[in-house]
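Those sequence lines, one after another, are chains B and F. Counting in this note's numbering, the first sequence runs from 1 upward without gaps. Counting in this note's numbering, the second sequence runs from 1001 upward without gaps.
Be aware that one or more of the hints could be misleading.
Claimed, not checked - To give an idea of the chain B side of the interface with chain F (calculated C-beta under 7 Å), a few residues:
| id | residue |
| --- | --- |
| 1 | L43 |
| 2 | M53 |
| 3 | F92 |
| 4 | T99 |
Stated by the list, open to error - With a cut-off of at most 25 Å between alpha-carbon atoms, the simulated PhoX-like pairs for lysine-lysine come out as follows:
| id | chain 1 | residue 1 | chain 2 | residue 2 |
| --- | --- | --- | --- | --- |
| 5 | B | K36 | B | K67 |
| 6 | B | K36 | F | K1041 |
| 7 | B | K56 | B | K67 |
| 8 | F | K1055 | F | K1014 |
| 9 | F | K1055 | B | K113 |
| 10 | F | K1066 | B | K113 |
| 11 | F | K1041 | F | K1055 |
| 12 | F | K1041 | B | K113 |
| 13 | B | K70 | B | K113 |
| 14 | F | K1014 | B | K36 |
| 15 | F | K1066 | F | K1014 |
| 16 | B | K113 | B | K36 |
| 17 | B | K101 | F | K1014 |
| 18 | F | K1041 | B | K101 |
| 19 | B | K36 | B | K56 |
| 20 | B | K67 | B | K113 |
Stated by the list, open to error - Only part of the chain B face toward chain F is listed, based on derived beta-carbon distances under 7 Å:
| id | residue |
| --- | --- |
| 21 | S7 |
| 22 | L10 |
| 23 | Y31 |
| 24 | P39 |
| 25 | G96 |
| 26 | F104 |
Since the hints were made in silico from the structure, they are not lab data. Note that beta-carbon positions come from the ideal geometry of N, C-alpha and C, so glycine has one too.
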Amino acid sequence: GEDVEQSLFLSVREGDSSVINCTYTDSSSTYLYWYKQEPGAGLQLLTYIFSNMDMKQDQRLTVLLNKKDKHLSLRIADTQTGDSAIYFCAEFPTEGSNTGKLIFGQGTTLQVKP
Amino acid sequence: GAVVSQHPSRVICKSGTSVKIECRSLDFQATTMFWYRQFPKQSLMLMATSNEGSKATYEQGVEKDKFLINHASLTLSTLTVTSAHPEDSSFYICSARGDGATQYFGPGTRLTVL
């Protein structure tokens, strides 16, 4: 079945890099996503990676994908206090009962200390 | 681009009343819309998937007579919580998907039932 796992909490100092890790189970997932949720708000799409890619960089964000290990990471360079939020990893299965749906992890709360 | 709005952002109602929440894709046509529910400090729980012009598909355990979903056009889906009770109090988030795989999320609606 589909399952996405994330660590629940990460604390970093402003200016450091943050690395949020995620593991997923469905090898049919063609896209893997990172969303950001600030308190009381909806989910903001940060970035996504297609399953045939190993890495994607977008300004301060770098996504690494290890398809063999089904491991996804999001690195935020020069982390700012405005990056404090909950980060959700999600997979997009293309087979099975959850085809076409997003399967979310539990979310990682990123705390950035000044 | 890819903006999704929700209305209202916050609603307080008395037990037994019905509440309608609107979800609109503002700059793209959404062939599929999704409704999620989020409890405090938890991930998103998918309630139902709706395709324009057809009946919604509800997830297991979600009462379709309780949570009425209408997807009348390619830019609008509504969720009506009928005969609301305090246990229905939650944060409801919609998302919309166009031709691709990516879901874009609304800002959420905070429902409080007294």
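Verification of the supplied hints:
Interface restraint check: B:L43 against chain F, minimum CB-CB distance 4 Å, threshold 7 Å, status holds. For the restraint placing B:M53 at the interface with chain F, the shortest Cβ-Cβ distance is roughly 14 Å, beyond the 7 Å limit, so the hint is violated. Interface hint at B:F92: satisfied, since its Cβ lies 5 Å from the closest Cβ of chain F, which is below the 7 Å cut-off. Evaluation of the B:T99 hint against chain F yields a violated restraint, the C-beta minimum of about 11 Å exceeding 7 Å.
About 22 Å separates the Cα atoms of B:K36 and B:K67, which keeps this hinted pair within 25 Å; it holds. Between the alpha carbons of B:K36 and F:K1041 the distance comes to roughly 14 Å, so the proposed pair stays at or under 25 Å and holds. At most 25 Å may separate the alpha-carbon atoms for a hinted pair to count; B:K56 and B:K67 meet this at roughly 14 Å. Proposed proximity of F:K1055 and F:K1014 is contradicted: the alpha carbons are some 28 Å apart, above 25 Å.
Between F:K1055 and B:K113, the direct Cα distance comes to roughly 47 Å. Violation of the 25 Å bound is thereby established for this hinted pair. A C-alpha spacing of about 43 Å is found between F:K1066 and B:K113, which places the hinted pair above 25 Å, so the restraint is violated. Using a Cα cut-off of 25 Å, the hinted pair F:K1041 and F:K1055 is violated, with the two alpha carbons roughly 31 Å apart. Using a Cα cut-off of 25 Å, the hinted pair F:K1041 and B:K113 holds, with the two alpha carbons roughly 20 Å apart.
A threshold of 25 Å between alpha carbons decides the hint, and for B:K70 with B:K113 the separation of about 31 Å lies outside it, so the pair is violated. Pair hint F:K1014 plus B:K36 does not hold up; C-alpha atoms about 32 Å apart against a cutoff of 25 Å. Between F:K1066 and F:K1014 the CA atoms are separated by roughly 16 Å; this keeps the pair inside 25 Å, and the hint holds. Distance check on the hinted pair: B:K113 and B:K36 sit about 18 Å apart at the alpha-carbon level, within 25 Å; holds.
Under the criterion of a C-alpha separation no larger than 25 Å, the hint pairing B:K101 with F:K1014 is inconsistent with the structure, at around 33 Å. Between the alpha carbons of F:K1041 and B:K101 the distance comes to roughly 21 Å, so the proposed pair stays at or under 25 Å and holds. A hinted pair counts as satisfied when its Cα atoms are at most 25 Å apart, and B:K36 with B:K56 qualifies at roughly 17 Å. For the proposed pair B:K67 and B:K113, the alpha carbon gap of about 33 Å is over 25 Å, so the pair is violated.
Against a cut-off of 7 Å between C-beta atoms, the interface hint on B:S7 is violated, since the closest Cβ of chain F lies about 13 Å away. About 15 Å separates the beta-carbon of B:L10 from the nearest beta-carbon of chain F, more than 7 Å, and the hint is not met. About 5 Å separates the beta-carbon of B:Y31 from the nearest beta-carbon of chain F, less than 7 Å, and the hint is met. The interface hint given for B:P39 is broken, as the beta carbon of that residue sits about 11 Å from the closest beta carbon of chain F, more than 7 Å.
Contact between B:G96 and chain F, as hinted, is not supported at the beta carbon level, the nearest pair being about 15 Å apart and thus beyond 7 Å. Hint status for B:F104: holds, given a least beta-carbon distance of 5 Å to chain F, under 7 Å.
When held up to the earlier numbered hints, the structure conflicts with 2, 4, 8, 9, 10, 11, 13, 14, 17, 20, 21, 22, 24, 25 and fits the remainder.
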